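Hints in hand, dock the two standalone chains.
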Amino acid sequence: MADTPNDVANPDRRNFLVLSTMTMAGIGAAAGGVGLIRTMTPTRDVAGGSVIEVSLEGISEGSGIIATAGRKKYSIRRRTADEIAAAVADDDSPMRDPQPDSDRVKRPEWLVLRLQCPHLGCPPQGTTAGEKRGEFGGYFCPCHNSQFDTSGRIRKGPSPANLPVPKYFFASDDMIVIGKEA
Amino acid sequence: MAGSRSPFTNPFLKGFDERLPILRAVHYSMTKHAYPKNLNYWWNFGSISGIMLLVMIVTGLFLAMHYKPSVQEDTYGINQAFRSVEHIMRDVKGGMFLRYIHSVGASFFFIAVIFHLFRSLYYGSYKAPRELLWILGCVILILMMAIAFLGYSLVWGVMSFAAAEVITQVFTAIPVLGDDILMLLRGGEDVDDALLNRFFALHFLLPFILAGVVILHILTLQTVGSNNPLGVDIKSKKDTVSFHPYYTFKDIFGLSVFFTIYMAVVAWAPERLAEAINNQPTDYNLPSHIVPEWYLLPFYAILKVFTWDLNIFGLVITGKQLGALAMGGSLGILFLLPWLDTSPVRSARFRPLYRMAFWGFVLTCVILALVGAQTSGEAFFIPTPLGRILLGFEAENGFVWGSTQQWGVLFMLYYFAFFIVLMPVLGLFERTRTLPASISEPVLPSSQGGGAVAAAAAAAAKPMTKAD
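Chains as they are written, first to last, in my numbering: chain U, 1 to 182; chain W, 1 to 468.
Chain W with its partners taken away, still in its complex shape (with noise of 0.2 Å):
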């Protein structure tokens, strides 16, 4: 680009744009790369995220202001740490606005992610070309789950030291070098002082890695393009539109629907998605119930369900290191996903039994949420408003079936299975549907007919005019 022309008029943009051609990049790919022009609200939800980051990330600087790392505490036994959440609560002029736009912000973050990675699993997004983009949303989703966790510590309240305990401990299921990992991530035998200091520094830092990756996420998008609903690649320029104006306005209101949402819940309903437990010091104890934030549930889900040890041979590998394992499987498979799926066909409007496999994947992902919430060994308990969803029926105080075990094992067989059976089978024998030769084909009437075409390509030209 550097050597094209200025796109500017303006003596002061030009000039800096002809010493500094970041203005021009920013011109080109706004209005001159050719996006999908059917492009439905689900997309809005990869412009959404990148606010929230620098949602997060403004607010977190502010709130880094006041906060200090420090587990000492005072004459009625209350750590720094948590004394400073509480005097950025009370005594901070807007602290607690702040605080709860950042907590808050954290579950929305987490939304706007996992509406965006559902609809790349469901119009197919991660297939070829776009490989490298979805491999760089899976860094970003799990570089996001490790800063949500860092994150959440810094409260030290019961239920941060619960997490980072726990999460620590998971390290030492590594054979030869779990316990020196587990030493060096806590600066000490127990979680204390030393851990409180280096999760804040790397709670400061990584989302500023983060914003680079999700650079990169972007000039990827941008140089192998948008998928679309339907799947099928640009065939002309009938195919598409300019960034702006038509997804900068059509994000702007997705953005606003959100936001609105958003604030609904910092305003009214801040605590609801968090644990009310935190809200205490920690007194070094763990709670009898431990559970993370909702967004980890499924992933703890599927930590904790291995509760056998697997002999193969004499090989010993324990329950414990079963679930590590899964754990970091259920993220890393993710990684495999463009080479498991091997249906040419991207979108699912045209893959029938896709589809219902990736409902399945949904619902699978709710199911072990559940079960990562509720204490293991004890029956599982389906709410209400979701029993009445899944069973048609609706009981008194919930539904009991089974065990959380059970549930447990049963639907991390199938996350598991859906990437490593029927991504690869569903490609070889199922039947899709017809796919359309153009985007444009569905709406504008046969390319063949005359007077169709004439009239349909004197809308597309003078758009503004029809809208009169």
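Chain U with its partners taken away, still in its complex shape (with noise of 0.2 Å):
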């Protein structure tokens, strides 16, 4: 052959224009890279549409109703002078994911909670008064046996944290709109 790539009379000037030539490739790969990677991001239709209102009337002291968005469950749960007053005594009682029970409500006698248990995502029961809700009287996993109080925190069993509270706000004083803050 002609000569080796190797056997060339200015290797300075060659390296230069190698690394040059791959950095040009390298951000074309890149730049082409995230375009592909953008059109996996939700689209405007799937990210949008998971802001629910849900009326509070007929709701009884003590029951609650579950709403659903999309995929999603929300427990909307009236609690209570008892419940409240528990979830309150138990503030400073040991937890594993402390919480003071007025951070975790806008209106004491309203507990708002995104179903789903922090361990593995199974739906907690004990949103209605007829469901099973656990020793501490708030709700219970059916999957692992996570107890959570009347604030919705985990208080026995393997789920690391308290159920989640969702962004709400109340619209008037018996509807509330779930999925974004006021």
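None of these hints come from the bench; they were simulated from the model. Fair warning: this is a prediction, and the values are worked out from it, not measured in the lab. It is possible that part of the hints are untrue.
To be verified - In silico DSS-like links for lysine-lysine, alpha-carbon gap of 27 Å or less:
id : chain 1 : residue 1 : chain 2 : residue 2
1  : U       : Lys167    : U       : Lys106
2  : U       : Lys72     : W       : Lys68
3  : W       : Lys32     : W       : Lys127
4  : W       : Lys320    : W       : Lys37
5  : U       : Lys73     : U       : Lys156
6  : U       : Lys180    : W       : Lys93
7  : U       : Lys72     : W       : Lys93
8  : W       : Lys250    : W       : Lys237
9  : W       : Lys250    : W       : Lys32
What the hints assert, rightly or not - Here are the in silico distance ranges between beta carbons for each label pair:
id : chain 1 : residue 1 : chain 2 : residue 2 : range
10 : U       : Leu36     : W       : Val26     : 40 to 50 Å
11 : W       : Phe118    : U       : Arg71     : 52 to 62 Å
12 : U       : Asn10     : W       : Leu428    : 50 to 60 Å
13 : W       : Phe12     : U       : Ser102    : 51 to 61 Å
14 : W       : Met263    : U       : Pro123    : 46 to 56 Å
15 : W       : Ala269    : U       : Val34     : 18 to 28 Å
Even for Gly, the Cβ is constructed at its ideal location relative to N, Cα and C.
This is how it looks when you write it as structure tokens:
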């Protein structure tokens, strides 16, 4: 063959050309890659569809309802005075994920939670009066026996965190909007 | 190669290569394989085609993440498949760009492959010892046509439906088994949900099969070696260079030019090569004027020019069967090309008669494409730019003469005559020009001369200093 690639008169020049070519190719590949990955991000019709309005009319004290937005479930529970008192009294008890009850509600009467156990994602029971509520009178996850209190805080069992409080606000006294802040 | 020593000094590369010697295989093929040093820019289209396949597979994968192969209609009467394509165009971030890279990419993939194919034809790259290389190329072409047709159907627009309806119907031309094959293709009586689902599955699978055939094509190429514009074999090391850096950079340059044009079309004229009517969801009625994508037009022309039946002593072959046979034959005959061409000379540079026959064949493909695009039974229309080239004068609104049918039959006959008559006969009677003794002989002074050879050898040894 005429010559081998290493046999060049000016290796610095060759190295510069090779490096700059590869840099440009790298930038091009990265830009293309970013564009391709970007096509995988959620589209607006999927990303925007999870805000719901829920009417609170007809929910009696001590019971609650489950609201659904897309695939997400929310628990809206109207707590009794005893349940509120129990939750506040336990604020200083040793807990895995300590949080005062006042940080978890906007109006003490209404407890609004994302109904998904932080352990492995099962829906805990306890929203309506007839469901099993566990040792602390709050929620009970049937999958792996996590027990939550009347503020939805983890008290016993494998869950690493409290039941999450979603974004919500009271549109009026008997209407809440879940999925965004006011 | 497993016995050879690793060429790498970097400990990671060396260690990896000693355990799985694929790096040295690439290194060997890039730097140690001898390529003819006179390859011109027509030789760029092989690597461009390979890159286009990669582009199509990558963009196709990301499109498949959003596409839904379902004919179920929403309240507006728009089917899900079409809706999901529109969703890609409107909602997915960068989706319009992604889809146009893919749809325009199909055209540019064909452009690259067509240049590659005609280059082989012109320079005789299909002749011994490259018969298998050529046959694998033919397999690639047919797979590409199948994949392009399947992909076009997925949009489920007006023309998608027409394509699926007409092309699956072609199979009913097969005697006895035709109707059963149609059932298997469609998964039912009609072109419907079952067909769309299996077309999507096949459109996803076949490109990977294609990639496998491409790898065989490249391995065959590395075994038999590249042909070159002179068509003479490599005689000595003076005739060759390594792939890297010589052809890597020549290919990168060609690729850059090709991609500049490709991206310009994607950005400014993405629908230019497409049928506008396919931007409507199908209502399951066939449009009055059915045309395939441009790269399938010559074959579509051959399919539709047969309007008469053939009666051989009572055995009737219908026009439909003749059309299907001819279309299949127009592709099948490519496989026989290495044995139809009787000339020992490869390159058309030294074959004056074959060169004319070749350009006649190129013209034939263009005319057949026009026939394929026009309505059968009407007057044949030659658009102005082509008329200017062919006829040397400019008509006011293009040029009309004869019927589409007549032009179609005439040029279909040339298509087949080129392979069956001209290829064997020219090889026997043509007076070819004198071939050079070697690749370097026409450019280097006579190898017997003293001083000239020394100067040439010195130049060959240090080409970079000469360039400085």
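Ascending list of hint numbers which this structure does not respect: Hint check: 4 and 10 fail, others pass.
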